[in-house]
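Got chain A; can you put chains B, C and D with the ligands on it based on the hints?
Protein chains in written order, with the numbering used here: chain A, 10 to 211; chain B, 10 to 211; chain C, 4 to 336; chain D, 4 to 336.
Treat the hints as calculated values from the structure; they're not laboratory data.
For glycine and all other residues, C-beta sits at the position ideal for the given N, C-alpha and C.
Warning: the hint list may mix true and false statements.
To be verified - If you want a taste of the chain C side facing chain B, the calculated C-beta under 7 Å gives, among others: (1) GLY80; (2) SER85; (3) SER87; (4) ALA88; (5) MET116; (6) GLU225; (7) GLY227.
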Amino acid sequence: MSLTVVELRSAIARLSEAMEREFDALNAADGALGDGDLGVTLKRGMRAISELSPGLPEDLGQALLACAQAFTKTSGSSYGTLMATGLMSMAKVLRGRTEVEASEVSTLIAGARDAMQARGKADLGGKTVLDSLDAMARATAGLTDSKAVAEAAATGAARAQAEMKGRIATIGRARIFGEKTIGMDDPGMLAMTAIAAAIAGT
Amino acid sequence: MSLTVVELRSAIARLSEAMEREFDALNAADGALGDGDLGVTLKRGMRAISELSPGLPEDLGQALLACAQAFTKTSGSSYGTLMATGLMSMAKVLRGRTEVEASEVSTLIAGARDAMQARGKADLGGKTVLDSLDAMARATAGLTDSKAVAEAAATGAARAQAEMKGRIATIGRARIFGEKTIGMDDPGMLAMTAIAAAIAGT
Amino acid sequence: MKKILNNPVDYVDEMLAGLTAAHPEFYRLAGETGRVVARAAPGKPGKVGIVTGGGSGHLPVFTGYVGAGLLDACAIGDVFASPSAEQMADAIRAADQGAGVIRLYGNYGGDIMNFDMAGELVEFDDIRCTTVILADDVASAPPAEAAKRRGVAGMVYAFKIAGAAAEAGHDLDEVTRIAQKAADACRSVGAALSPCTVPQAGKPTFQIGEDEMEMGMGIHGEPGVWRGKLRAADAIAGEMMDRLLADMPLASGDRVSIMVNSLGATPPEELYILYRIVKARLDAEGATTVMPLVGRYATSMEMTGVSFTLCKLDAELETYLTAPCDCAFWSVA
Amino acid sequence: MKKILNNPVDYVDEMLAGLTAAHPEFYRLAGETGRVVARAAPGKPGKVGIVTGGGSGHLPVFTGYVGAGLLDACAIGDVFASPSAEQMADAIRAADQGAGVIRLYGNYGGDIMNFDMAGELVEFDDIRCTTVILADDVASAPPAEAAKRRGVAGMVYAFKIAGAAAEAGHDLDEVTRIAQKAADACRSVGAALSPCTVPQAGKPTFQIGEDEMEMGMGIHGEPGVWRGKLRAADAIAGEMMDRLLADMPLASGDRVSIMVNSLGATPPEELYILYRIVKARLDAEGATTVMPLVGRYATSMEMTGVSFTLCKLDAELETYLTAPCDCAFWSVA
Ligand SMILES: Nc1ncnc2c1ncn2[C@@H]1O[C@H](COP(=O)(O)OP(=O)(O)O)[C@@H](O)[C@H]1O
Ligand SMILES: Nc1ncnc2c1ncn2[C@@H]1O[C@H](COP(=O)(O)OP(=O)(O)O)[C@@H](O)[C@H]1O
Ligand SMILES: [Mg+2]
Ligand SMILES: [Mg+2]
Ligand SMILES: [Mg+2]
Ligand SMILES: [Mg+2]
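So here's chain A without its partners, still in its complex pose:
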């Protein structure tokens, strides 16, 4: 069962709506452990992508590359750059293709995770968005139905966030808060949970 730019466009619509909605919550979460701009980063990025959406090409590689650049243009914050990195890794894989199978999604997420890990030089288990993606990749492995994939990704992201909540942040601005971060959600994981949920439309 395959996905095209049509599904991408509707996902973008749900995502940008979600990021408008989560704007304050994400800024607040990042404000507690960083500079409070995570909502800004995602809202701006998704707005730029929404504007591109109607004109996105059939070629999924080209389409995702355009989405990646929307993030590099609109934000210098870590999350925007990581999103761009992840999207670009998917773009490379899908270059020249107009369809992608739901069964490939797990591998695409894993590829994004690895590219973002190479970019940010953080380890898995460090209480970052990488742990969300890792859980999403594992949760979606072997699934072939697109709805099942989307829901598995969403629950995977949520689970990872919950699991990591009790850990100490070791990466980025949150690191300097050390012990204080125990019991606090990592802003980036919180954001990925919201993103996965929005894509799944749950």
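Chains B, C and D with the ligands alone, transformed into the frame defined by chain A:
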């Protein structure tokens, strides 16, 4: 009836004691209309003069010159410079003399007033120490008894201060407070009242 | 405002010890009073001396501008207090190269009396002195009483121009004429947002609301022309330019220099935000802006606020303004 | 803290407009993003380019140091926020004179990711890039984790030395080696007394008691090593020197430069009071102090506080440190 360095020394003793006593009051008065250092200026100046006191020469001109320099060395504030100017004018007149008649005091004060007026370029009636000295010169005119001269000077200074209280300050830092200065004593006049009272020993 | 200091009584002497230790190539302590800073390398014999003096707490003013093409010596008072006549006399002696000395300083009662008395003291040393007094703060008195105005940042232009004229080898009367012309060419206005603390006083120089500003306030906290809600940068810049241009109108083709100066805590970022408007306004007047000065040239320690100084140039003033100078705080190549 | 601004969103763009309007002889906006400042007069063809980038609010860092003998271009982010990879790529393109470009910047996660990505973007333009990252803040991580340390004022020494080495005509690898050596030779520590306000956040970066200070605090308000009662200047200077010398011991005969830097609101008077102790301490170590830098070299807008940076020199570093440079904020003749 004549005055010598002996009377000068005892006057210095009373004056320095008085300036220690009035320290806070004078700083406060100047603080309300200026930079709050008038007490500092007079206390420092009189301390320096007290140290010189035992060694002051018989020659009243030389003695008063030394007192004047004590002020130019210890303070850069207006009042210190004006005191030095007034004392220097008296020193010039008394140079080479070891005695001065009480009957000459009025002229000496008037001379100091004029020298200080030349230095500060302020008009009489401007609500400054000049008005104190002017009143003191007039009050002592024609008197020959040293006690009478001292008391007349003290009452003259006090009267001038009271008379000027209702006026607007036109000179120095107080000028910028304009209307606000009505009903407030000019710090320099307040100081001269204390000085004259201390000399008179009242 | 929080300050980093030891015993407040030692603030100025410790500052001078550090200044001369950091920049021995520029500054040396001279005279017996310990409160005179002179050029490390004295001006050449026969050069007219330029001396200034005033209270501490305004770096680079006054002491900082001792240097080649600028001042020869400076008498340094306690924070916001005039130096003594003795200290000024020492500074005049240190500045003299046999050609006489200009006393170039701001219009404050105490400073005037002391510099006058210092002049009388050095008469015994046969040093001829002239006087040029800065009175550039348009907010401190109306044009009719311009002589009563306080001297503020315009001093920096006067130091620069007089210093270059002296370096050029003119005699005392000529350098004095040029210095006076420079002083007369300057107009300044300030706006304060928060006060500073005089170490020995230990409390802020004035009180002001968290959302307030005061237009026209003096560098020691002297009352200004209005106090009200903090306005937008462009509105503040616009009003300050209005006040300067009302006092010294410009004609199309005029050449001017403008200083956008921080009183201390206001960062350069904000000075540049203001400069956009300043420059646009001068362009609109048809004036050509020469060597704009944006930064901290005349401050009040950690005071928050700005001052603008407009200096109207003629060929002579421009030549000396743009001539070389060198000190720890400012150098023109 | 009160700020003079218009719409907070425009703070950086208006600052850049004013900066380039005030100093067209030094700075010009380059690239399409509007957030790249390059030299008005580009370096000579074949010269290695030096590029930096980072958040605004630290003038003269970063943008201010674009100039001859210093940087070629700079990417400018919002206040305390990394520029985007696109902006950095534009800066790299503006800096390239055909000999490759060094990315010389501070150790912050966002900046690193973006400069790495920018490097990938300019690969398509066949521009070879190297990287030198400043991590000089000894208070931000123990020696064992020195690579995790934040980059602060040591950057100024690295800009100066790398810039002079590039001007001398060395190739990319050689200039990179020298820049890395300069970065490795720097150690910094800061102490904060009061916060600053990020325009778009609208509130102070941290809260602190009226009688408190924080030792080791970062330039964005990152937590330091201790918070307690404000100490005397000499005690503060002593502890800061202890921390630097513990991390980079000196031997008698060593040659060093030291920066005594204001974080913004702290006035030069207080920097000089601190410098007495700094200099005495270096003398006691038997070290020779070369070109001490006392002033505002790396700030956080109106933050009150200071930082010290110790730069241990060898003959090569000293040559480039003392070589000529020129920008609106700093010139060495
Ligand atoms: N080096 C890194 N590797 C992986 N994830 C990271 C890294 N740095 C930050 N993140 C993620 O990004 C989130 C913060 O994003 P953002 O607010 O954009 O950072 P900043 O504003 O500090 O640049 C963190 O919660 C974390 O999940
Ligand atoms: N130009 C002047 N002429 C006469 N008296 C003056 C003048 N200026 C100041 N005074 C007197 O000195 C007093 C203030 O002295 P002081 O505190 O030393 O001044 P400041 O500290 O402002 O230099 C005033 O109250 C006034 O009496
Ligand atoms: Mg953030
Ligand atoms: Mg950020
Ligand atoms: Mg006073
Ligand atoms: Mg005084």
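* Restraint satisfaction for GLY80 (chain C) [CB to CB of chain B, less than 7 Å] -> 5 Å, holds
* To do: Using 7 Å as the Cβ threshold, decide whether MET116 (chain C) counts as touching chain B.
  => Cβ of MET116 (chain C) sits 4 Å from chain B, so the hint holds.
* To do: Classify the hint on GLU225 (chain C) as holds or violated, based on whether any CB of chain B lies nearer than 7 Å to its CB.
  => GLU225 (chain C) check passes; min Cβ-Cβ to chain B is 5 Å, inside 7 Å.
* Asked: Would the hint on SER87 (chain C) stand, with a C-beta cut-off of 7 Å toward chain B?
  -> 4 Å, holds
* Please verify that hint: SER85 (chain C), Cβ, nearest Cβ of chain B, below 7 Å or not. => With a closest approach of 4 Å, the SER85 (chain C) hint holds.
* Does GLY227 (chain C) pass the interface hint, meaning its C-beta sits closer than 7 Å to a C-beta of chain B? -> 10 Å, violated
* **ALA88 (chain C) as an interface hint toward chain B, with CB separation required under 7 Å** => At 5 Å from the nearest chain B Cβ, ALA88 (chain C) passes the 7 Å test, so the hint holds.
Comparing the model with each numbered hint stated earlier shows that hint 7 is the single one that does not hold.
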